[in-house]
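Student: Line by line, the protein sequences give chains A and B. Using the numbering used here, you'd call the opening residue of the first sequence number 186 and step up by one each time. Using the numbering used here, you'd call the opening residue of the second sequence number 15 and step up by one each time.
Don't read these hints as lab results, they were simulated from the structure. Just so you know, these numbers come straight off a predicted model, no measurement behind them. The beta-carbon is built from N, C-alpha and C at its ideal position, and this holds for glycine as well. Among the hints, erroneous ones may be present.
Said to hold, decoys possible - Derived, one-sided and incomplete: chain B residues facing chain A with beta-carbon distance under 8 Å:
1) P58
2) Y101
3) A118
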Amino acid sequence: DAGITQSPRHKVTETGTPVTLRCHQTENHRYMYWYRQDPGHGLRLIHYSYGVKDTDKGEVSDGYSVSRSKTEDFLLTLESATSSQTSVYFCAISESRDRGSIATNEKLFFGSGTQLSVL
Amino acid sequence: LAKTTQPISMDSYEGQEVNITCSHNNIATNDYITWYQQFPSQGPRFIIQGYKTKVTNEVASLFIPADRKSSTLSLPRVSLSDTAVYYCLVGDLPAGGFKTIFGAGTRLFVKA
Chain A
186 DAGITQSPRH KVTETGTPVT LRCHQTENHR YMYWYRQDPG HGLRLIHYSY
236 GVKDTDKGEV SDGYSVSRSK TEDFLLTLES ATSSQTSVYF CAISESRDRG
286 SIATNEKLFF GSGTQLSVL
Chain B
15 LAKTTQPISM DSYEGQEVNI TCSHNNIATN DYITWYQQFP SQGPRFIIQG
65 YKTKVTNEVA SLFIPADRKS STLSLPRVSL SDTAVYYCLV GDLPAGGFKT
115 IFGAGTRLFV KA
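Isolated chain A (complex conformation) (with noise of 0.2 Å):
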């Protein structure tokens, strides 16, 4: 399995409190990304970088920002947690690769998961 770790693996929290939700990888691949999943609607994403400093939103980005000080590590933060954000949250990594080939395509590395309750 890709070296992804999530953490923490559980928390519970209160309304308006902030969160900070940690993924860090040992692939050092360029790609990381986070993902919000709900019942009834699959995996949504949240943000992704593409490189140190470099991120950018995605379908569901409002009420979280993130940040990648370094290679390894991808945090996602909940400003102030409201209970609509309950969820789990995955992170997931993918190596940047050469586009000269069509013959293969990038895959997507996800971890464990992070059960976030907000109350």
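Starting from the known structure of chain A, fit chain B onto it as the hints suggest.
Tutor: Then chain B, alone, in the frame of chain A:
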């Protein structure tokens, strides 16, 4: 961004072949088709990927018709441990920024 449509759920029995079809009418020229498998309390896991025609690996086969507007994941002789959610993704990554769209997936139930 190409959106995908899959059946919500499917049932099968051990030993049968299971085919899950995904529709992606708006697939772009540079898009690949990738399937992932997810077990409860785990992150999705890559199964197979293709661009056109047929791809086969030790786990599954992927059939893609010439127009690429759909694809079919084929799981030969499923077992109880194949009970999971299967996601079809269409996209081009990383190419200067990549946004994937996971649909709700297909829940496969394999019965004894």
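Student: Run every hint past the structure and note whether it holds.
Tutor: Structure-based check of all given hints:
1. P58: The hint holds - B/P58 has a Cβ within 8 Å of chain A, the shortest such distance being about 5 Å.
2. Y101: Result: holds, 7 Å to nearest chain A Cβ.
3. A118: Holds. Min distance 4 Å.
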